[in-house]
Amino acid sequence: MHIVVCMKQVPRDNSVKINADLTINADGIEQIMNLFDEYAVEEALQWNEKLGGKVTVLSIGPDDWKEQVRRALAMGATDSLLLSDPAFAALDVLGAARVAAAAIKKLGDVDLVLCGRNSTDDESAAFAPALARLLGWPQLTYVGKIPALEAGKIVAERHLEEVIETVEASLPAVASVIKGINEPRYPSLLRIRKVAKVEIPAWSAADLGLTSADLAPVLNLAGRVPPPPRPKGEMIDGASAAEKAARLVDKLMEAQVI
Amino acid sequence: MNFDLTPEQQHIRAEVRRFAEQEIAPRARHVDETGEFPAETFRKMANLGLLGLPFPEAYGGAGADSVSAAIAIEEVARACGSTALIYSAHLGLGCAPIAMFGTEEQKQRFLRPAAEGRHLGAFALTEPHAGSDAGATRTTARLENGHWVINGAKMWITSASVAGHLIVTAVTDPGERHAISAIIVPAGTPGLSFGKPEAKMGLRGSVTNAVTFEDVRVPEENLLGRRGRGLQQFLAVLDGGRVGIAAMAIGLAQAAYETASAYARERTAFGKLIGAYESVSNMIADMAVGLEAARLLLYQAAWLKDQGRQYSREAAIAKLYASEVGEKTCRDAIQILGGYGYSSEYPLERIYRDQRLLTIGEGTSEILRVVIGRQVLGEFVGR
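Protein chains in written order, with the working numbering: chain A, 3 to 260; chain G, 159 to 541.
Looking at chain A on its own, in the form it has when it is part of the complex (with noise of 0.2 Å):
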């Protein structure tokens, strides 16, 4: 079985800066595997386990990308693909999955791909439905356990917000798993200096087939502003816990939130 899980790069945290031009900056702020893919990296390399086969780590990114890719590659991933190009820089998300799709394609023997449901920074969470539309594959959203997977054919449980669906369909598929679906292991520190001198394969837009066209934004950015501050908190005072506990009673109940 080859098992494909595509990656993202993203800040760690969000006090990320806007740009003049709308682009974000994240100047200074330490770079991690999006936390929903390490779920699609751990539930790939459970699968492995038990089924044999490959797992492709499959990153779109620059250069500096790859310490992520390698991170996946510490944690058990067998192969890994970065797809860099500087006509990567400006793709919305049809652009990001049109390219994944084209090296999907070219990749040719894959059984399944796995994603995390969305990715902490954009947060679209189209990713994966687009990609499975792109490569005209079944796609299976929001899984929360995969009960099954053979050759041919996945089980999944998705994890809706009211019921909880059990899809069956045939491979290839997309997958984006939700987090919970597991518990992503650590890479062990042998397996980090390891791959620490991995040369990890880049494809560039000339080598998946690719044109401007198809890389040019669908969705045009018209503005990005920070959210509004959350505003500040009121300290109760009182004399006594007792007296305090009262005021807040009656200040909820004045909000009428109890």
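Please keep in mind that the hints were generated in silico from the structure rather than gathered at the bench. Please note that a few of the clues may not be correct.
[Claimed, not checked] DSSO-like mimics (lysine-lysine), calculated; alpha carbons at most 30 Å apart, straight line: (1) A:LYS196 to G:LYS354; (2) A:LYS181 to G:LYS354; (3) G:LYS265 to A:LYS147.
[Claimed, not checked] Sample of chain G residues lacking proximity to chain A, with all beta carbon distances greater than 12 Å (derived): (4) PRO165; (5) GLU194; (6) LYS202; (7) ARG276; (8) THR370.
Fair warning: this is a prediction, and the values are worked out from it, not measured in the lab. Backbone N, C-alpha and C fix where the C-beta goes; we use that ideal spot for every residue, glycine too.
The hints should help you fit chain G onto chain A, whose structure is shown.
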């Protein structure tokens, strides 16, 4: 000249930091308050490969260098002093002597399980009458029908009662004052007993025991290194241990420094952030300078060790400086937080108590000054 960590060292720092923040830091207060040995944490550390980090893969280790090991101890200490002490003592005292002086069989039998994290190692040197003056050791080991028979008492032994093996120093050739040897004693050997855990100012999650040996018999082949060379071996071991303590001091101080810096950016007094007052920002500047200098000394000592060069002097300097500047950093951090610094509701007072050992353990500041002074001025000093 190159001051950059290698990519491998950077990755190890990032991963250990992440692990320590998620798995170790949340338990630090509990570990301090209850004195409970953090067994679950150590199981997870074993999975990560932390417990054998600097030892060869052939003996269950991760094959990393000494700089990486120092970084790992630093990051663990930034999260929890008790865990860092247990960890540092395991690597530097419980395992390193076997890696340095052990036979192939001893490495397979004792180093491998310890490096894989199946058990902890401990080193029993200090005695009621022999601390800094290790030559005054009174514990004896006599050879009898192919076995060492060990008798005596040790004190202040880190992790003694939770370790899977103890490396014990004992006089093997009475009459000659320095004829001390090191012998490996597996846990559970009859005649081996432990005092109840010492009550301590800090590092309370790290068990410290007195150890008594009453006719403890181990096979002759448990002699570690050369007979009668225990003291010289121990001095070499201690150089590595000092690098570990320096790393620990820096990790604890880093935590105090980060807490104080964050507070100085948040807390206002008289209409201004307190960081805007020079008396506060000067303290923070001094912390930054101290940490930076201590780190350079630490990595230099560890790097020299990795090059296979002499590093006794640099290890002593790094340990002395880092432990003293670390203590000052914790003290000033408490000063900046005021009541919150003094309160047990917040971590600083714990970090301060934890830090306090580090000018004492593995060579007091006073002994280290003697060591460094003698190297500068020659042997006549103090004679």
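Evaluation of the provided hints:
| no. | hint | verdict |
| --- | --- | --- |
| 1 | A:LYS196 to G:LYS354 | 43 Å, violated |
| 2 | A:LYS181 to G:LYS354 | 45 Å, violated |
| 3 | G:LYS265 to A:LYS147 | 44 Å, violated |
| 4 | PRO165 | 5 Å, violated |
| 5 | GLU194 | 23 Å, holds |
| 6 | LYS202 | 8 Å, violated |
| 7 | ARG276 | 16 Å, holds |
| 8 | THR370 | 37 Å, holds |
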